[in-house]
Amino acid sequence: MTIALAFDTGLAALVVGVAIWTITAREAFAAVVGFVAYGLLLALVWVRLAAPDVALTEAAIGSGVTGGLLLGASTRLRRTETPAAGEKPGATLRLAAALLCTLVSTGLAAILLLLPEPAPTLAPQAAANLAATGLGNPVTAVLMAYRAIDTLLETVVLLLALVGVWSLAPDHVWGGFPGPRHHADPDGVLTFIAQLLVPVGILVGIHIFWVGSVAPGGEFQGATILAAMWILAMMAGLVDAPPVSRCWLRLLLVAGPAVFLAIGLAGLAMAGAFLGYPVDYAKLLIVTIEVPVTLSIAATLAVLVAGPPERAPRR
Amino acid sequence: MSSVTVYGLCSAVLVGLGLFSLIVHPQPLRKILAFNLIGGGVFLLFGVVARRGAEGGFGGDPVPQALVITGLVVAFAATALAVALLLRLFQETGRATLRSDG
Numbered sequence: 001m002t003i004a005l006a007f008d009t010g011l012a013a014l015v016v017g018v019a020i021w022t023i024t025a026r027e028a029f030a031a032v033v034g035f036v037a038y039g040l041l042l043a044l045v046w047v048r049l050a051a052p053d054v055a056l057t058e059a060a061i062g063s064g065v066t067g068g069l070l071l072g073a074s075t076r077l078r079r080t081e082t083p084a085a086g087e088k089p090g091a092t093l094r095l096a097a098a099l100l101c102t103l104v105s106t107g108l109a110a111i112l113l114l115l116p117e118p119a120p121t122l123a124p125q126a127a128a129n130l131a132a133t134g135l136g137n138p139v140t141a142v143l144m145a146y147r148a149i150d151t152l153l154e155t156v157v158l159l160l161a162l163v164g165v166w167s168l169a170p171d172h173v174w175g176g177f178p179g180p181r182h183h184a185d186p187d188g189v190l191t192f193i194a195q196l197l198v199p200v201g202i203l204v205g206i207h208i209f210w211v212g213s214v215a216p217g218g219e220f221q222g223a224t225i226l227a228a229m230w231i232l233a234m235m236a237g238l239v240d241a242p243p244v245s246r247c248w249l250r251l252l253l254v255a256g257p258a259v260f261l262a263i264g265l266a267g268l269a270m271a272g273a274f275l276g277y278p279v280d281y282a283k284l285l286i287v288t289i290e291v292p293v294t295l296s297i298a299a300t301l302a303v304l305v306a307g308p309p310e311r312a313p314r315r
Numbered sequence: 316m317s318s319v320t321v322y323g324l325c326s327a328v329l330v331g332l333g334l335f336s337l338i339v340h341p342q343p344l345r346k347i348l349a350f351n352l353i354g355g356g357v358f359l360l361f362g363v364v365a366r367r368g369a370e371g372g373f374g375g376d377p378v379p380q381a382l383v384i385t386g387l388v389v390a391f392a393a394t395a396l397a398v399a400l401l402l403r404l405f406q407e408t409g410r411a412t413l414r415s416d417g
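Protein sequences, first through last, are from chains A and B. When the letters of the first sequence are read in order and numbered with the working numbering, they come out as residues 1 to 315. When the letters of the second sequence are read in order and numbered with the working numbering, they come out as residues 316 to 417.
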């Protein structure tokens, strides 16, 4: 066994171990902490699988922002845990579930072991057309050029999720501020860290976004870091979450998908296809889409974490 | 056995563990967490398929990798909506349970 294989086996065992711990943890809060560790370990696995772009996304969104959202929810739902413990299913159902899940895992494992050799791949096609997009990072090329429709629809999905979350607001607070107002001790550690980290984090977010055209990174990773900085500033009480009725907020949220759609439609005239780019201007158009999309995704993620309005607007 | 195979088996186990948790945990928040555990396993499966398709000077097939990035963001959006629904349920009824009676 080589050192690399030994490391990979150890890492895989650790991921499975943390997943088991997350499932068996008695308290939801502890389980969420386990989930955050699970996400970070998975990010390491992605590095080992030569996918640094995915590793950044997994660490930022899969572990970071999702973890933060679930931690907040588990604190607010702590009182409901003891009564829910009485609803545990009986031994028969648990055994049946275990059998079913073993079957699913075995089936998946068998399929993975029987995958065709050599593996089918689109990598050569992605490499052959990379020059036409003006980009150096194949993953960004897939996201912004080859499969741009996926990315356009994804930004719309984020907006739809936000519409769903906002619709859960009770009538009397509609248009108001999301979540509780956070007050942190102005001399406390959280305020200090927020003041120190937010400016640096914004720069890191912009950098990760900008290098995405040639190196690992891109709009989703950069946007998540920007969103995390906004969330941190809100949690430390440095800024309040904006009321959902604010015009600038609405504009910021739709700017990305709107510009994306407009350039996509212009592609019909310029390159003869929806979301097609003329070769000479491909890079310019992609960056023109990416800037508002990054800002919109960052705003949407932060506002999704802030939740539906809970405090009435000031009149 | 290669490293890619090890991670492939790991992803299969993660999907099974997540599914088990989704079925047996009564609390909705734990179900949301289980849904994300399954997601981690499924995305890892994509990563294994991408790594096997390494060609043309790339470490992996960029198409499944880009799909996973899209998937992670959509999974987050679904999680945020589910958590908001759950918190609203708690706000309305003072309880967070999926039981229809009582």
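Wrong hints could be hidden among the right ones.
[Said to hold, decoys possible] Partial list, computed: chain B residues near chain A (C-beta under 7 Å): (1) Val328; (2) Phe350; (3) Ile353; (4) Val357; (5) Gly368; (6) Ile384; (7) Ala395.
[To be verified] Taking CB as the label site, the calculated pair distances span: (8) Ala131(A) with Gly374(B): 27 to 37 Å; (9) Ala4(A) with Arg414(B): 47 to 57 Å; (10) Gln406(B) with Val189(A): 23 to 33 Å; (11) Gln406(B) with Gly86(A): 14 to 24 Å; (12) Gln406(B) with Leu103(A): 38 to 48 Å.
[Unchecked claim] If you want the footprint, here are the derived chain A segments under chain B, 3+ residues with CB under 8 Å: (13) 53-63; (14) 232-238; (15) 302-308.
If you're looking for bench data, these hints aren't it; they were derived computationally from the structure. Beta carbons: idealized from backbone N, C-alpha and C, even for Gly.
Comparing the hints with the structure gives:
Interface hint at Val328(B): satisfied, since its Cβ lies 5 Å from the closest Cβ of chain A, which is below the 7 Å cut-off. The closest approach between the C-beta of Phe350(B) and any C-beta of chain A is roughly 11 Å, which is over the 7 Å cut-off, so the hint fails. Contact between Ile353(B) and chain A, as hinted, is not supported at the beta carbon level, the nearest pair being about 10 Å apart and thus beyond 7 Å. Hint status for Val357(B): violated, given a least beta-carbon distance of 9 Å to chain A, over 7 Å.
Among the interface hints, the one on Gly368(B) holds; its C-beta lies about 3 Å from the nearest C-beta in chain A, closer than the 7 Å criterion. With a least beta-carbon distance of about 5 Å to chain A, the hint placing Ile384(B) at the interface is held under the 7 Å criterion. For Ala395(B), the interface hint holds, the least distance from its beta-carbon to any beta-carbon of chain A being 4 Å, beneath 7 Å. Remark: the range hint 27 to 37 Å for Ala131(A) to Gly374(B) is contradicted by a beta-carbon distance near 19 Å.
The given range of 47 to 57 Å is respected by Ala4(A) and Arg414(B), whose C-beta atoms sit roughly 49 Å from each other. The beta-carbon spacing between Gln406(B) and Val189(A), approximately 31 Å, falls within the hinted interval of 23 to 33 Å. As the Cβ distance of Gln406(B) to Gly86(A) is approximately 22 Å, the hint placing it in 14 to 24 Å holds. Against the hinted window of 38 to 48 Å, the Cβ-Cβ separation of Gln406(B) and Leu103(A) comes to about 39 Å, which satisfies the hint.
Check result for the region 53-63 of chain A against chain B: holds, 6 residues qualifying (beta carbon to beta carbon below 8 Å, three or more required). Remark: the region 232-238 of chain A is not confirmed as covered by chain B, as 0 of its residues place a Cβ nearer than 8 Å to a Cβ of that chain, below the required three. Figure legend: the region 302-308 of chain A, annotated as covered by chain B; annotation consistent (4 residues with Cβ-Cβ distances under 8 Å, at least 3 required).
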